[in-house]
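As they're listed, the protein sequences go chains A and B. Counting in UniProt numbering, the first sequence runs from 1 upward without gaps. Counting in UniProt numbering, the second sequence runs from 1 upward without gaps.
Source of the hints: derived by calculation from the structure; they are not laboratory data. Treat the hints loosely; a few may be bogus.
One copy or two, it doesn't matter: identical chains are merged, so the pair holds either way.
[What the hints assert, rightly or not] Under the rule of at most 25 Å between Cα atoms (straight-line distance), these lysine to any residue pairs were calculated in the SDA-like manner:
1) Lys-121 with Pro-56
2) Lys-121 with Thr-42
3) Lys-72 with Leu-148
4) Lys-121 with Gln-79
5) Lys-121 with Asp-107
6) Lys-72 with Ala-13
7) Lys-121 with Thr-111
There are 2 protein chains.
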Amino acid sequence: MEPQLPGSIGTSASLAIRLGQAMFSVASLLFMCVGVQFYAYTSFCFLVTIKGLTIPWSLTLAIVDAYSVFIKRTSRHLQIVLIIVIGDWILSFLSLAAACSTASVSDFMVTEAGASFCGGKMCSRYRLSAAMACLSWSLSLASALFNLWLLPSLYSNY
Amino acid sequence: MEPQLPGSIGTSASLAIRLGQAMFSVASLLFMCVGVQFYAYTSFCFLVTIKGLTIPWSLTLAIVDAYSVFIKRTSRHLQIVLIIVIGDWILSFLSLAAACSTASVSDFMVTEAGASFCGGKMCSRYRLSAAMACLSWSLSLASALFNLWLLPSLYSNY
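Turn these sequences into a full structure, and let the hints steer you where they fit.
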C-alpha cells in the first residue's frame, strides 16, 4: 500500500482541483469569447488558445482521478506520472503567461486607451476573464506541485 | 566528495547563468528606464520592480558561485539550497509574469493604440526590454531547475 499524498494523482483532492481548473478555464473562455471580437488582439487569442489546451487536459485527468477514487485502486506508473508532471508544469507556465498578458492588456485598455477599445461592459468582461484565468493558473500550479512531490517516492520504489 | 551537477550552485556553469541573468536584467531595466516615462503604465512599473528584485538576487548568488569556484570548495547545506531553490522559483514566476505583461502591452501599443502612446523609437525600446526580460526569465528557470534537481541528493545525505 503506497502512502496517499492528498492532492497527488488518484485522490479525491486531486479530482476537486482538476474540476476547479476546468471550471475556471471554461468561465474564462466564456467571458472572453461570447459575443466579443477577441481575435482582434494578440494576447486575447493567446488566452483562448491556452484555455483550449488546458480544458481537455484537466478534464482527462479528472476522469482518471474519478476512476481511481471510485474503483479505489490507484495505478501509479513512474512514466505516466512523469508525463503528467511535465505536462502540468508546461501548462502552468503557459497559463500564467496568458493570464498576465490578458490582465495587463485589459488594464491598459481601461486606464490608458479609454473607451475607444472597449465599452464599460466589455472591459469588465475582459477583467473577469483575466481573474478567472489567474484562479485557474493557481489551481494548475497546485496540482503540478503535488504531483512533483510524489515523484521521488515513485523513483525510490524502482 | 559530492557529485558536481553542472549548473547547480557552486559550479562555473551556475556562475555563467547567474551573470547572464544579471546582464539581461540590467539590459531590460536600462531599455525601459532611461529617458522613458515608464511609471505611467502599470505593467512597465511591475517589470521595473521585479528587475529591481532580480538583479541583487542574481549578483549575490554569482558572488557565492565565484567564491566556490575559486576556492574549489563547495559548502552545500540543505537549508541554504532549499532557500535558494524557493527564491529562484518565486523570482522565476514573477519574471515570467513581468515579461509577458510588458510584451503584450508593448505589442498592443504598436498594433492597436498606434503612435499616440509611443513614437517609433520608444516602441522598439519597449519591445527590446520585453525580449531581454524573456531571456532573463529563461536563464532564471534554468538555474531553478538545476538547483531543484540537486535537492533530492542532499536530502538522501541527511
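Against the structure, the hints come out as follows:
With identical chains, the CA atoms of Lys-121 and Pro-56 are never at most 25 Å apart, being 29 Å at best within one copy and 43 Å at best between copies. Taking the closest pair of Cα atoms, Lys-121 and Thr-42 come within 25 Å of each other both inside a single copy (20 Å) and across two copies (22 Å). In this assembly of identical chains, Lys-72 and Leu-148 lie within 25 Å of each other by CA distance solely inside one copy; the values are 22 Å within and 32 Å between copies. Taking the shortest Cα distances, Lys-121 and Gln-79 never come within 25 Å of each other, neither inside one copy (47 Å) nor across copies (50 Å).
Taking identical chains as interchangeable, the C-alpha atoms of Lys-121 and Asp-107 lie at most 25 Å apart whether they share a chain (14 Å) or sit on different chains (24 Å). In this assembly of identical chains, Lys-72 and Ala-13 lie within 25 Å of each other by CA distance solely inside one copy; the values are 14 Å within and 47 Å between copies. For the homomeric pair Lys-121 and Thr-111, the shortest alpha-carbon distances inside one copy (15 Å) and between copies (23 Å) are both at most 25 Å.
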